[in-house]
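With these hints in hand, go ahead and build the complete structure from the sequences.
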Amino acid sequence: MRKFSKRVLAVTLSTAMVFSLAACNKSNNNPTDSTTSQGQTGESTSATDGSSETGNDGVQTYTYNSYTSALANNWNPHTWESNADDEVLNSYLSSPFCTMQILDSENGVYQWVYEMATSITDVTKDHKDDLTKYNVTLPSGKTADETDAGFVFEIKLNPDAKWQDGTPITADTYVYSMQQLLDSSMKNYRANLYYSGESAVAGGLAYYNSESPLYTAMVPAYGDGETPDYSYDLDAGIDAGYVYISDSADTTLGYSVSALWNDNGLGTEDGYAAITDGADDYGYTKITADNKDAIFGFVSAALAAGFGITDEAEIANLTKEMLFVNDGTLSEKVDWDTVGLYKVDDYTIRYVTQTYQDLNYFLTSCTSTWLVYEPYYEAGKDTTGTLVTTDYNTKLENTMSYGPYKLVSLQNDKQMVFEKNENWYGYTEENGRLVSTTPYLVDGENVPRYVTDKIVINVMDDNAAKQAFLKGEIDGWSPSADDLSTYATSDQLYKVDETYTMSFFFNTNLEKLQEMDRSKGNTNSVVLSNDNFRKAMSLGIDRTEWVTATPGYKPAYAILNNLYFYDVYNDPTSSYRNSDEAMQAICNLYGVSYGDGTPYATLQDAYKSINGYNLTEAKELMKTACDELVAAGLYTAGEDIVIRIGYKKGALDSSDNKQIELFNKYVNAAAEGSGFGKITLTAVDNINDRYGDVVKGEYAIGFGAWGGAAFYPFRNFQVYCDPDQYSINEAGCWDPKTEELTLNVNGEDVTMTWQAWSGSMIGSGVYSEADFSTKLSITAQLEEEFLKKYYRIPLAGMTSCSMLSYKCSYYTEDYNIMYGFGGMELMKYNYSDQEWADYIANNTLSYE
1 MRKFSKRVLA VTLSTAMVFS LAACNKSNNN PTDSTTSQGQ TGESTSATDG
51 SSETGNDGVQ TYTYNSYTSA LANNWNPHTW ESNADDEVLN SYLSSPFCTM
101 QILDSENGVY QWVYEMATSI TDVTKDHKDD LTKYNVTLPS GKTADETDAG
151 FVFEIKLNPD AKWQDGTPIT ADTYVYSMQQ LLDSSMKNYR ANLYYSGESA
201 VAGGLAYYNS ESPLYTAMVP AYGDGETPDY SYDLDAGIDA GYVYISDSAD
251 TTLGYSVSAL WNDNGLGTED GYAAITDGAD DYGYTKITAD NKDAIFGFVS
301 AALAAGFGIT DEAEIANLTK EMLFVNDGTL SEKVDWDTVG LYKVDDYTIR
351 YVTQTYQDLN YFLTSCTSTW LVYEPYYEAG KDTTGTLVTT DYNTKLENTM
401 SYGPYKLVSL QNDKQMVFEK NENWYGYTEE NGRLVSTTPY LVDGENVPRY
451 VTDKIVINVM DDNAAKQAFL KGEIDGWSPS ADDLSTYATS DQLYKVDETY
501 TMSFFFNTNL EKLQEMDRSK GNTNSVVLSN DNFRKAMSLG IDRTEWVTAT
551 PGYKPAYAIL NNLYFYDVYN DPTSSYRNSD EAMQAICNLY GVSYGDGTPY
601 ATLQDAYKSI NGYNLTEAKE LMKTACDELV AAGLYTAGED IVIRIGYKKG
651 ALDSSDNKQI ELFNKYVNAA AEGSGFGKIT LTAVDNINDR YGDVVKGEYA
701 IGFGAWGGAA FYPFRNFQVY CDPDQYSINE AGCWDPKTEE LTLNVNGEDV
751 TMTWQAWSGS MIGSGVYSEA DFSTKLSITA QLEEEFLKKY YRIPLAGMTS
801 CSMLSYKCSY YTEDYNIMYG FGGMELMKYN YSDQEWADYI ANNTLSYE
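Numbering-wise (the working numbering), the sequence shown opens with residue 1 and increments by one.
Everything labelled a hint here was simulated from the structure, so no lab data went into it.
One thing to keep in mind: the hints can contain errors.
[Claimed, not checked] Derived EDC-like pairs: lysine to aspartate or glutamate, alpha-carbon spacing no greater than 16 Å straight-line:
1. LYS454 - GLU422
2. LYS466 - GLU813
3. LYS658 - ASP542
[To be verified] The calculated label-pair distances, taken between Cβ atoms and stated as ranges, are:
4. SER574 - THR276: 38 to 48 Å
5. GLU748 - THR329: 39 to 49 Å
6. ASP250 - THR288: 22 to 32 Å
7. SER593 - ASN463: 51 to 61 Å
Values in this document were obtained by computation on a predicted structure and should not be read as measured data.
Virtual Cβ for every residue (Gly too), placed ideally from N, Cα, C.
Right under this line is the structure:
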């Protein structure tokens with residue numbers, strides 16, 4: 001085919017969430033910030049300024065054709081669940097209070113821009129009475145009078161905002177919508193975004209639980225040295241129908257049923273099924289004559305295997321600690337006026353947070369809203385069940401948009417079509433088209449946005465999508481790992497670093513490993529209980545070579561990569577990974593020094609030299625590990641070792657097979673001459689929950705990733721250290737709720753549990769209001785000390801891999817994590833619909 005020449009059009013498409021990155025193999029291929037285009041064009045002539053040209057109806061049109069493996073089925077902001085739901089809601093049918101967009105693309109400078117709001121300000125200093133009125137949680141040691149910021153935020157609303165039918169959106173709309181979101185009679189799925197977390201609205205949790213069934217602990221709380229009250233008559237309570245158990249509530253020894261089973265593999269399968277399958281709408285299961293044996297068997301097994309408790313009397317008492325009593329009593333009624341969201345005037349609301357929140361991070365939480373359209377929301381309510389539900393925003397006829405697009409056609413399981421919303425505040429009519437220009441400057445100019453007239457999403461499988469993309473029928477495609485090798489050099493392939501780091505994570509519990517050797521297909525996997533063995537594994541991996549097995553991978557030597565920033569809103573150059581503290585942590589981990597007598601003059605030189613590979617040290621550690629394991633009677637020198645790895649939810653592909661082949665090469669090279677026999681690592685695929693299965697003891701090693709929170713790395717270690725918040729992958733190795741760690745904070749040694757440290761810099765944590773320098777130091781120390789345990793071995797950073805049609809291109813080709821490539825909002829078109837149809841009818845596309 002002819003080589004295209006480059007052209008640039010000042011036209012745009014629709015908004016995407018600036019914080020989301022599309023992963024390789026993502027099925028929904030709307031044009032997000034994870035892809036861009038070289039903007040190549042062909043022989044046909046197209047307007048380069050986005051102006052209209054004559055078509056069949058006299059108006060030029062632009063359509064973005066996309067695909068998904070499964071259509072969205074619920075875009076209600078109170079209950080949406082899937083990525084497809086989220087895409088429809090937040091990319092087309094709604095607008096945020098504010099978002100980030102390009103200010104200077106050449107220098108990578110971002111700006112906050114307002115949409116549904118006209119300003120958001122911290123007014124805590126002038127409204128300290130709200131801190132007491134709404135019973136906020138003040139930082140440790142602080143009083144309301146001493147608090148001047150971080151709790152009360154005033155949001156001035158966009159007076160031009162309307163629903164697609166022209167109904168104005170006012171402060172009353174926001175208050176009504178939040179009341180419905182937190183309504184205790186509905187228990188909306190997405191209410192947790194507003195009753196918990198750093199941006200939780202004050203009083204939201206109490207209102208959410210208002211007049212709900214009251215499940216009280218059978219054994220009242222007691223402190224150290226106090227005598228527990230085990231007097232409740234269990235048999236009588238069961239006969240009366242008052243006794244319940246919860247899957248999620250923390251009870252015996254600080255663990256929930258879910259944590260015992262999913263995180264620690266404790267209990268029995270039939271008992272766990274009885275607990276979860278019988279749960280009511282509130283998450284509690286009534287214990288009856290039919291299920292009590294299975295449920296109590298679960299508890300007994302968990303206490304025996306996990307805590308060595310076998311005494312029948314003690315088990316009976318601790319079982320009561322896991323139970324709840326509900327005799328029909330409801331919790332107290334909580335009035336709406338105790339919730340910290342209130343109307344100031346028709347176009348002003350104030351939002352009071354439960355815990356301290358810096359203004360910039362509050363703005364991040366304002367990149368969406370909770371709005372619903374009252375007439376449709378109320379009309380869709382069903383009050384016949386235990387909980388009230390609504391079918392709002394699940395069908396064409398009950399969908400109401402306040403975003404740049406509206407839903408105009410829906411064929412279930414086949415297609416969705418969106419067109420411009422004529423009542424969106426950003427549009428004006430010009431020559432028969434709805435057009436919009438940025439009300440803010442981008443590279444010094446007001447540029448066109450939302451040029452796309454129509455968005456069509458068709459249901460296709462991956463193979464059909466590939467063929468449609470190559471024929472020019474859809475405008476974006478996510479190639480599979482196998483396809484990536486074919487299109488690795490394409491100008492239309494775009495790779496963007498993601499926050500996710502692929503790693504090995506372990507179960508080092510000796511009893512679990514011994515059981516895996518007996519019954520799970522492993523041989524001598526007990527070697528993983530030895531710290532030196534796991535460290536040797538890590539140092540023996542040549543990550544630079546290993547990532548070549550998988551297009552899109554990059555070597556990783558630490559948990560947090562270059563996308564993390566510790567003070568991004570005040571200093572866009574504040575890369576965590578490039579800070580002295582974070583670089584020193586990784587130099588300490590790998591034993592790399594700098595200065596006189598070393599090969600490296602500076603800390604940066606030393607850090608940049610790290611590649612995670614040291615075969616000499618790996619061999620020494622393997623020899624030490626073998627000697628230690630033999631001396632402990634856990635291993636016989638020379639015996640072979642077979643370890644099954646929980647590798648993948650789907651089927652292994654050629655890249656996976658190459659990866660495991662290299663792992664086997666590395667571990668055996670490190671073990672050569674150590675006394676260990678041949679080591680075989682076997683990848684297991686088609687696993688529904690490899691993360692949970694490693695904890696349970698089905699596999700000794702798992703392969704997976706954590707990521708996210710790039711703008712606030714101070715909270716990231718909760719996923720490794722706080723089992724109350726997350727199902728931690730390493731739960732088979734340790735208990736961070738009880739194990740303590742001493743860190744140096746501003747010259748003072750401070751000791752807390754790992755769990756406490758992981759939450760110390762957020763919410764009401766002891767260092768939540770500390771300066772960024774202090775938080776940076778704590779985070780770097782946490783990263784170093786956690787990695788030194790070798791419960792988790794970082795291997796590779798992930799990249800998003802997407803292709804974009806020659807039909808369109810992004811505003812900038814210089815990616816920035818704050819705004820991507822400008823997103824769909826600033827996307828440019830190289831061809832109109834008619835021009836593209838003419839071109840593909842007369843030419844053969846090639847993307848290789």
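Tested hints:
1. LYS454 - GLU422: Status holds; Cα separation ~13 Å.
2. LYS466 - GLU813: Roughly 24 Å separates the two Cα atoms, so the pair is violated.
3. LYS658 - ASP542: Cα-Cα ~14 Å, so holds.
4. SER574 - THR276: 38 to 48 Å: 44 Å, holds
5. GLU748 - THR329: 39 to 49 Å: Taking Cβ atoms as reference, GLU748 and THR329 lie about 48 Å apart, which means the hint holds.
6. ASP250 - THR288: 22 to 32 Å: 24 Å, holds
7. SER593 - ASN463: 51 to 61 Å: 53 Å, holds
Of the hints listed earlier, the one the structure fails to meet is number 2.
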